[in-house]
Amino acid sequence: MPAFQGPDEGRHIAYVQRIADAHSIPWRRSGGGPETVRRLSTEADTAALWSGLGPAQGNLAAKPFWTKLDERLWHARDDVFGGAARRDGGYADSFHNPPLYYLYAAVPWAVFSGASFFARVEAMRLFALPCLLAIVAFTWLIAGELLGPALLPRTLAAGLVALHPQLGNMTATVNPDIFLAALSAAALWVMLRLVRLGPSPRRVGMLAALVSAAALTHGRGLALIPPAALAVGFAWRRGSRALIGLAAGASAVAVLLIASSGGGSARQFLSYLWQFYLPRLPGMTPAIGPPGYGAREAFVDRFFGTFAGLEVTFPAEALDVLAIVSAIGLVALVIVLARRRAGIAADWRPAVVLGAAVLAVLVVLHLSAYRALLVNPGDPVVAGRYLLPLIALGGTAVAFVVRELPRRVAPFVAGALLAGGVVAQLGALGLVVERFSA
Amino acid sequence: MRRAVAFTAALIVLGALVVLLPGLLRDRPRVDATPAPPPLAAIALVKVAGGQRACLGNVVLDSGSQLARFTVGTYGRPGPELRVSAAGRRYRVPAGFADNAHLTVALRPPPRPTATTFCISNTGRRTIALYGSDELRSRSRVVVTVAGRRIAPDVTLTLDRRTPASVLDQLGDVVARTTRWHPGVSEPVVWALIVLVLLGVPGGTLWAFSRALAEDAVEPRGELGAREVRDRVAR
Numbered sequence: 001m002p003a004f005q006g007p008d009e010g011r012h013i014a015y016v017q018r019i020a021d022a023h024s025i026p027w028r029r030s031g032g033g034p035e036t037v038r039r040l041s042t043e044a045d046t047a048a049l050w051s052g053l054g055p056a057q058g059n060l061a062a063k064p065f066w067t068k069l070d071e072r073l074w075h076a077r078d079d080v081f082g083g084a085a086r087r088d089g090g091y092a093d094s095f096h097n098p099p100l101y102y103l104y105a106a107v108p109w110a111v112f113s114g115a116s117f118f119a120r121v122e123a124m125r126l127f128a129l130p131c132l133l134a135i136v137a138f139t140w141l142i143a144g145e146l147l148g149p150a151l152l153p154r155t156l157a158a159g160l161v162a163l164h165p166q167l168g169n170m171t172a173t174v175n176p177d178i179f180l181a182a183l184s185a186a187a188l189w190v191m192l193r194l195v196r197l198g199p200s201p202r203r204v205g206m207l208a209a210l211v212s213a214a215a216l217t218h219g220r221g222l223a224l225i226p227p228a229a230l231a232v233g234f235a236w237r238r239g240s241r242a243l244i245g246l247a248a249g250a251s252a253v254a255v256l257l258i259a260s261s262g263g264g265s266a267r268q269f270l271s272y273l274w275q276f277y278l279p280r281l282p283g284m285t286p287a288i289g290p291p292g293y294g295a296r297e298a299f300v301d302r303f304f305g306t307f308a309g310l311e312v313t314f315p316a317e318a319l320d321v322l323a324i325v326s327a328i329g330l331v332a333l334v335i336v337l338a339r340r341r342a343g344i345a346a347d348w349r350p351a352v353v354l355g356a357a358v359l360a361v362l363v364v365l366h367l368s369a370y371r372a373l374l375v376n377p378g379d380p381v382v383a384g385r386y387l388l389p390l391i392a393l394g395g396t397a398v399a400f401v402v403r404e405l406p407r408r409v410a411p412f413v414a415g416a417l418l419a420g421g422v423v424a425q426l427g428a429l430g431l432v433v434e435r436f437s438a
Numbered sequence: 001m002r003r004a005v006a007f008t009a010a011l012i013v014l015g016a017l018v019v020l021l022p023g024l025l026r027d028r029p030r031v032d033a034t035p036a037p038p039p040l041a042a043i044a045l046v047k048v049a050g051g052q053r054a055c056l057g058n059v060v061l062d063s064g065s066q067l068a069r070f071t072v073g074t075y076g077r078p079g080p081e082l083r084v085s086a087a088g089r090r091y092r093v094p095a096g097f098a099d100n101a102h103l104t105v106a107l108r109p110p111p112r113p114t115a116t117t118f119c120i121s122n123t124g125r126r127t128i129a130l131y132g133s134d135e136l137r138s139r140s141r142v143v144v145t146v147a148g149r150r151i152a153p154d155v156t157l158t159l160d161r162r163t164p165a166s167v168l169d170q171l172g173d174v175v176a177r178t179t180r181w182h183p184g185v186s187e188p189v190v191w192a193l194i195v196l197v198l199l200g201v202p203g204g205t206l207w208a209f210s211r212a213l214a215e216d217a218v219e220p221r222g223e224l225g226a227r228e229v230r231d232r233v234a235r
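Chains A and B supply the protein sequences, listed in that same order. Using the working numbering, the letters of the first sequence map in sequence onto residues 1 to 438. Using the working numbering, the letters of the second sequence map in sequence onto residues 1 to 235.
Fair warning: there could be bad hints in the mix.
[Claimed, not checked] Result set (SDA-like, lysine to any residue): computed pairs, CA atoms no more than 25 Å apart in a straight line:
#1 A:K68 / B:R30
#2 A:K68 / B:G96
#3 A:K68 / B:T117
#4 A:K68 / B:M1
#5 B:K47 / B:G96
#6 B:K47 / B:P111
#7 A:K68 / B:T74
#8 A:K68 / B:P111
#9 B:K47 / B:L17
#10 A:K68 / A:S113
Note that these hints are calculated values from the structure, not bench results.
Bound-form chain A, shown alone (with noise of 0.2 Å):
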């Protein structure tokens, strides 16, 4: 994917470009008003604007420019900057985050700073592969913590996730998620490992840094406080059924104090939520935010089939076959988890780690959408990506679930879900090469 066509991913480099040549971090927790006009280096808009990747960005219509000759018009205002024209860059939204991956993504940015624009942006992409590479041996390390040693179920997890197709959109492009997804993906597993053996100063430590530095990432990198915290109560056998209980309730609590303040109303909320998920009730007012976009159009259309800058976007078809699979591997997962309810009270704590996981970071997101929302509905906010996170987990899943299967069953589902994960994989690379070289 050429620069500048993931999400945000202009901001994302100004950040970078902040830090690497005007050795500031430009993080401000809150203010800084609107975006300034022009939010890239001068170096960086002339990048954009000479490629015409800037246009071309989100605009189905605008395709980059495609000549040698493009190459060295670009060149020929490029090679005449100076220092400044990589450090005059203005305010961009991105820098209400936490300063952590765009510290990461300044290591190749930095080390190739004598490399042209286009360079040390495909050096910073780079960069992002031992995070998809960490996200699909965290999957394999949990299938094996939660699903035993059997090579199948690890094999479907990680393969599953490997394939994603978003995983790989986001892989291509400069943004956190991709990190934060990685170091989430870490941290649930030392939580179970946590659970499971014990504490230890090594696992307790892993499990601060990576929740920390998930904190540092994103605020939705929060989410992971509240597994953190229950996984090392249960660590000390501190954690009863009743003290779970009220952690829940207070969380609740919070959650709609939270959605209360500011203009906002926990009714308001909780209609939000309810029509999100499920059809609007008689008497509902409708909910705030875009009409249209709900569960599905979030959590299938946009997780699993919605690429670059939102424009490439798989067949109306394709993404109703992955919502019906979804839903029946939803539905499945629920039978599992009910057939195997006595061995999962016998062994209850990591569920409730993994449960409390799934929900912080749905009640993190929506939360945040609705806080969003109240300022510009037009926005939804809630996007596939954000799943990201716990993508490791949905791969456990499925396999959780295939493995329920008969025996001679199951490898023909697995195979089969392995070979709509290889044609989801080449189909999402074929629309992206399509859309901006063909």
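Place chain B on chain A using the hints.
Same frame as chain A, now just chain B:
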């Protein structure tokens, strides 16, 4: 075990044939370049009075620039004759076109890429409006002047090829374009990556899948399922 792997391989081949191949074979209009793309949300109008000329600088034409497309508003009247010039050649759009017409001018493209200024002259007496974009997001590199004076909105201009083609038909071009703005990535590297991905992704998946099945068959390590537990208890 072998049957499951063969079934998976067959599904991958079937998926490639049914889902992927039609997309590669389907003919589609070929965009050559979008010097100034249309806006995402709101159209801006660039007024050109009778006798005036609007010009777009920093336009590159190449051998594929066979059709120039732009849209003209005439405020409800038949359009005046327009004269178009680019890369040293002149073209004519006859008078009488409709209001808000999407006009197409057949160009004689240069044999090799050429940087030029693309001009549209209003030879009539009444003002016309060229469709354009004033959006920051769609801002392009073209420099627009009307009667020699610089103006802010970009006049939307796209360049197309005459005949549609499939992705496979133009695979050589697609590979060449993929290298653009990716320093260090040459055409041989892209070809190698295509082969690697097309063979490696399905091949690697099948290899891992078959190995998992084989090793689990030799040494079953799975947790016993509920049914097996019940069976053993019953025994």
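Violated constraints from the hint list, given by number and in increasing order: Going through the list in order, the structure violates hints 2, 4, 6, 7, 9 and respects the others.
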